[in-house]
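> So the chains spell out like this:
There are 2 protein chains.
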Amino acid sequence: MKIALDVMGGDNAPQATVEGAILASKETNAELILVGDENQILDEMSKFKSRIDLTKLNLEIIHTTEVITMHDHPAKAVRNKKDSSLSVCAKLVAQGEAAGFVSMGNSGAVMAAALFYLKRLDGVLRPTIITRFPSLNGSVCIADMGANVDCKPENLLQFAIMTNIFCRKVLGMKDPRVGLVSIGEEPTKGNELSLAAYQLLAKADLNFIGNIEGYDIPSGKADIVVCDGFVGNVILKFGEGLSDMILKLIYRSFKKHPISWASIPFLWPTLNDLRKKVDYSEFGGVPLLGVDGVCIIGHGKSNAKAVKNAIIAAINATKYDVAKAISEALGKNGKADE
Amino acid sequence: MKIALDVMGGDNAPQATVEGAILASKETNAELILVGDENQILDEMSKFKSRIDLTKLNLEIIHTTEVITMHDHPAKAVRNKKDSSLSVCAKLVAQGEAAGFVSMGNSGAVMAAALFYLKRLDGVLRPTIITRFPSLNGSVCIADMGANVDCKPENLLQFAIMTNIFCRKVLGMKDPRVGLVSIGEEPTKGNELSLAAYQLLAKADLNFIGNIEGYDIPSGKADIVVCDGFVGNVILKFGEGLSDMILKLIYRSFKKHPISWASIPFLWPTLNDLRKKVDYSEFGGVPLLGVDGVCIIGHGKSNAKAVKNAIIAAINATKYDVAKAISEALGKNGKADE
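Residue numbers (the working numbering), protein chains in the order written: chain Z, 1 to 338; chain F, 1001 to 1338.
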């Protein structure tokens, strides 16, 4: 079982991607295919020669000549840059030479490449990118986080079903509670989309707990939170911005009050707890669900640790054959709403 | 210039509303009409007799027999409960007996009462409830915060124009920067609604700075943030939930690490700064813009201080005649997009 890594994707590529691959390979002994500019990859690898015996790791390199950047138009770039590191990763999975691929690059392009090469699973209207967000009692999965900005009620139903399978199989949850993002708890509160989606979710074979309001996303009331990709993306980024704001305000205030400033050394254990809790690199990457193969999308700012964890997430996803389960749930033989 | 207060609205009514009215009257000497159950109002007032000479305050009571609760259907309740404290408040403004009204009650019902009695201003497609959210350099106004869950691009344009007038006239801003909530900075990023709204906003007579992502709402990149009421409401409540989560995590971690716990006394100045920054009661209430009269909606959880500040917000809004300015900007004699 090989995992292909888009070495050229992400703000810190190829340094962080190569280092992450080495760490993942050391930790799991998995076979990895590093896809990207061979010279750059070898350069990065050479930095580790003194510390690690790379010959013992299962690392293979496939040289590519093109790179899809953050500024590229996703679909056009995938169509035109056939020898990009991202396209070749997706192709390797489509051809069965890799069991899954990981990219920290342009997430729109990753989605486009997965759709173009891996194809949608039978019965899936639209694949979804889910994300994990810290909550009071652990973390909550939000679907969709930006892949689908304009949705129909049926899309939200499918996002819930696919994420439910992921949470059960990969995260080992027993009976994840599914909440629908809305502006009030009552089934009559919401916009056109959420009102209609409520009816579909209530009838589906899910542990549906009804509408949840913005307040309850971080409180951990639900394990899975469903919304369209516009709302999901705004929430996710707003959460990053707000955490940032609070930390900056604390810092400013500390500087203003010498007595508080002086106590910072005593706060390290607490600050460390918080940092771990909100550190996206712990999760590594988020899955694209609904395509025929494993695809993990990492944060553009991923460091080596995040890359390592994204690769491990891909390995886990291949173990549990999420695609087959989704196909059974949504495919011709098992309509979502029956 | 009298302000009518819905004494029966809000989780802490009538205690917090009556106390808030007394505080506001003492501070501003404004004439207030307390609308609600007379016995309950007199009961609450009697608690202050030993401390404050209430005969010196300009407080008038209008007795009402009905109350609109949080569980009432907004429009139906306003139609059926003609002698509710909320309906009577709105009627007083419509009849010119009060210059504006304040309610901490069911915000949907407040909006319905304002529409029913005060009427929409000429040219206004839909009134908007704006809210103020703390940002790094002060606060940001978000429109709409839940009054309009399904919007057309023209609605978002009008929300921006109305909020712009409020920010200039009432908050004294020079040239507020208007941002449109989206999932990327480029004009080509967004959902159907935001893409079309972008084009309208770019042509309008506003200091439009383009799309802003969730991350930039708390960073203070824009002074006015425009989105539909579904997104606005989810953001607002998610922000409350996230701040709450972070504080709870800090508290838990403090308890785990004795050395951090011991330093809490030194942190008071900083915790106090933070508390003030995120304390909604400082803003008191938010305006409903686009109706013919002043209407301030307070948080359901308002304490006396928040009620006092909401009344002061109403007094300020009546001073600057926001309705007239909106009417001129959007009415027959001044189309929004010309």
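To be clear, the hints were calculated from the coordinates, so they are not data collected in a lab.
Among the hints, a few may not be true.
[Unchecked claim] On the chain F side, residues computed to face chain Z include the following (Cβ under 8 Å): (1) 1187; (2) 1218; (3) 1219; (4) 1233; (5) 1240; (6) 1262; (7) 1273.
[Unchecked claim] Okay, the calculated beta carbon distance ranges per label pair: (8) F:1046 - Z:171: 25 to 35 Å; (9) Z:301 - F:1138: 24 to 34 Å; (10) F:1202 - Z:301: 28 to 38 Å; (11) Z:70 - F:1175: 29 to 39 Å; (12) F:1038 - Z:265: 37 to 47 Å; (13) Z:188 - F:1138: 29 to 39 Å; (14) Z:258 - F:1076: 20 to 30 Å; (15) Z:170 - F:1207: 19 to 29 Å; (16) F:1252 - Z:259: 39 to 49 Å; (17) F:1138 - Z:300: 55 to 65 Å; (18) Z:79 - F:1202: 40 to 50 Å; (19) F:1138 - Z:264: 39 to 49 Å; (20) F:1175 - Z:51: 31 to 41 Å; (21) Z:301 - F:1252: 25 to 35 Å.
Where a beta carbon is used, it is the ideal one built from N, C-alpha and C, also for glycine.
> Does 29 to 39 Å hold as the CB distance between residue 188 of chain Z and residue 1138 of chain F, or does it fail?
holds, 37 Å
> Within 25 to 35 Å or not, the Cβ separation of residue 301 of chain Z and residue 1252 of chain F?
holds, 27 Å
> Using 8 Å as the Cβ threshold, decide whether residue 1262 of chain F counts as touching chain Z.
holds, 7 Å
> Range first: 37 to 47 Å. Now tell me if the beta carbons of residue 1038 of chain F and residue 265 of chain Z are that far apart.
violated, 60 Å
> Starting from the range 31 to 41 Å, see whether the pair residue 1175 of chain F and residue 51 of chain Z falls in it by beta-carbon distance.
violated, 57 Å
> Looking only at beta-carbon atoms, does the pair residue 1138 of chain F, residue 300 of chain Z fall within the given range of 55 to 65 Å?
violated, 30 Å
> Would you say the C-beta atoms of residue 301 of chain Z and residue 1138 of chain F sit inside 24 to 34 Å of each other?
With a Cβ separation near 28 Å, residue 301 of chain Z and residue 1138 of chain F satisfy 24 to 34 Å, so the hint holds.
> Against chain Z, run the beta carbon of residue 1187 of chain F and see if the smallest gap drops under 8 Å.
Check failed: Cβ of residue 1187 of chain F comes no nearer than 14 Å to chain Z, outside 8 Å.
> Do residue 1138 of chain F and residue 264 of chain Z keep their Cβ atoms within the hinted range of 39 to 49 Å?
Given a distance of about 26 Å, which is not inside 39 to 49 Å, the answer is violated.
> For the restraint on residue 1240 of chain F, tell me whether the closest CB of chain Z is nearer than 8 Å.
holds, 5 Å
> Looking only at beta-carbon atoms, does the pair residue 258 of chain Z, residue 1076 of chain F fall within the given range of 20 to 30 Å?
violated, 58 Å
> Can you tell me whether the CB distance of residue 1046 of chain F to residue 171 of chain Z sits inside 25 to 35 Å?
violated, 58 Å
Going through the hint list in order, the structure does not satisfy hints 1, 8, 12, 14, 15, 16, 17, 18, 19 and 20.
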